[in-house]
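*Asks:* This is what each chain is made of:
There are 2 protein chains.
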Amino acid sequence: MAIIECVPNISEGRRAEVVARIVEAVHRVPGARLLDYSSDASHNRSVLTMAGDRAPLKDAILAMFDIVLAEIDLRTHTGEHPRLGAVDVVPFVPIEDVTMEDCVALAKDTARSVAERFAVPVYLYEEASSNALRKNLEDIRRGEFEGLAAKMATPGWAPDFGPPQPHPTAGACVIGARMPLIAYNINLATDRLEVAKKIAAAIRFSSGGFRYVKAMGVTLADRGIVQVSINLTNYEKTPILRVFEAVKREAERYGVSVLESEIVGLVPSAALIDTAQTAVQLAGFKRTQVLETRLRESD
Amino acid sequence: MAIIECVPNISEGRRAEVVARIVEAVHRVPGARLLDYSSDASHNRSVLTMAGDRAPLKDAILAMFDIVLAEIDLRTHTGEHPRLGAVDVVPFVPIEDVTMEDCVALAKDTARSVAERFAVPVYLYEEASSNALRKNLEDIRRGEFEGLAAKMATPGWAPDFGPPQPHPTAGACVIGARMPLIAYNINLATDRLEVAKKIAAAIRFSSGGFRYVKAMGVTLADRGIVQVSINLTNYEKTPILRVFEAVKREAERYGVSVLESEIVGLVPSAALIDTAQTAVQLAGFKRTQVLETRLRESD
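Quick note, the sequences are listed as chains A and B, same order.
Heads up: the first sequence begins at 46 in our numbering, then just goes up one per residue.
Heads up: the second sequence begins at 46 in our numbering, then just goes up one per residue.
Just chain A, with the same shape it has in the complex:
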């Protein structure tokens, strides 16, 4: 069975009862499994992690819109996190027995239904985007809800689906397909923030580093150390081990050692198995050699 992950970001992180109603709506959709959800009050934003096949995930997103449109009004919404819509971003992520193309098709299908049923304009992003200028979420979201009406009126910013102006209370929604994100941090045995910042600059795409790395240097004040905080947006093309080794080598330039690394949240097993394979030069290895994979297949 196809397993797709879907991680909708909702512009509500303060009213627990509203989040509870959204969660409940997802729970009522047969076949849509809610793996996790968390709310951040200062961001005023909640992130849900769901998994399932195509139809249940689409149903869950539509059910979520029903609640969100009734409850969230972006005209009075404040929070630290940038946002364009009440349901702000909906990425579909291929996990098992499913291709990126399947997730792109699901994103477009969901986008069309959202636009038709709720009159919310939708922008497609990442792998679902057919426009290089509208591939990155940050570019689409720039100007936020407050600048949306003006942005939509400028050439090149008509939405992929739905009306050519914002929904009055829900703004717009960004729907797409992407690889699993890995939140990966590398802690350094130093309190020198400038070292973490220099290493982050060396490895991240935006300043000349790896194509699928976003990174910044931060201080972990309570531990008296610094961290290179990383988002890996495609672990197949920019693997964990390559990033780790690059950070280690860069750190040496400043006489600094890597203390440890950490993965925040979930990681696809393929990313870890790939790390193991590279670390011991494993040749000819097949996923079906993993005992647990074989056990599940013989069910």
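Any given hint could be a false lead.
Below, computed lysine to aspartate or glutamate pairings styled on DMTMM-like, alpha-carbon distance capped at 25 Å [said to hold, decoys possible]:
1. B/LYS282 to A/GLU307
2. A/LYS282 to B/GLU305
3. A/LYS331 to B/ASP85
4. B/LYS242 to B/GLU295
None of these hints come from the bench; they were simulated from the model.
The hints should help you fit chain B onto chain A, whose structure is shown.
*Replies:* For chain B alone, kept in the frame of chain A given last:
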């Protein structure tokens, strides 16, 4: 649900119709899943890989004995592989949601039933053994079927279950519990067999190396290279990466590079995840962070 792996070794690898009947008997046991089986004519031996919970695996072993006792006569059996019994060895291996203690209990329970129902003497081995002199399979099997009657008459060699003399046609059976074995080979970019042999000697337990490593140096004639062929008997205590790095370092002493490594057959995902964790100094990582694990748990 508990998943235990069971890998019975049968002293029949030439008569395909007998092996087919054994396989059929296992297939008829509800809940016992046959993952794999293979026969070797020169060894005159077959190895089955089954998985399931306690009761089905025990039933499968008893069903297997029914066929084996009717079909195999060790008095006329020849083959390269040492053997003590018609059903020679039965290891139970903990895989998921089950402890080694559970597998030891299952081994003893199965051993008792085999002895009672078939009058076959049974020795317990590895983790199920309560006697340090009878822990290793090689020690128990020394003398083989032909020397068994004499061996059983010597002090210290009364079986753990069953009659104090061999079964006339089926000999004895060795039943126990152990960690998953990993068949792990490291290929060297050289044709110098003595280098592979020296490295094997350096890393294997029997000549001063790692506690849970068996190893030998062999030539891969068709590729013109040599290989350090390794059995890892406990990947938790002697991890893959540690062995790989030791081989790499030893190889450097002879000016030789590691070409690649390979895993033959199945490997528990925990062994690969552990390799990844060590390779990138991953701290505080939990198995529940693996996306697929989380997905299965929420079923």
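*Asks:* Just to be careful, I want the Cα atoms of B/LYS282 and A/GLU307 compared with a cutoff of 25 Å; is the pair within it?
*Replies:* Since the Cα atoms of B/LYS282 and A/GLU307 sit roughly 23 Å apart, the hinted pair holds (cutoff 25 Å).
*Asks:* Holds or violated: A/LYS331 with B/ASP85, Cα cutoff 25 Å?
*Replies:* Holds - the C-alpha atoms of B/ASP85 and A/LYS331 are around 24 Å apart, at most 25 Å.
*Asks:* Given the proposed pairing of A/LYS282 with B/GLU305, does the C-alpha separation stay at or below 25 Å?
*Replies:* holds (21 Å)
*Asks:* Is B/LYS242 close enough to B/GLU295, meaning Cα to Cα at most 25 Å?
*Replies:* Holds, at about 11 Å.
The structure meets every hint from the earlier list without exception.
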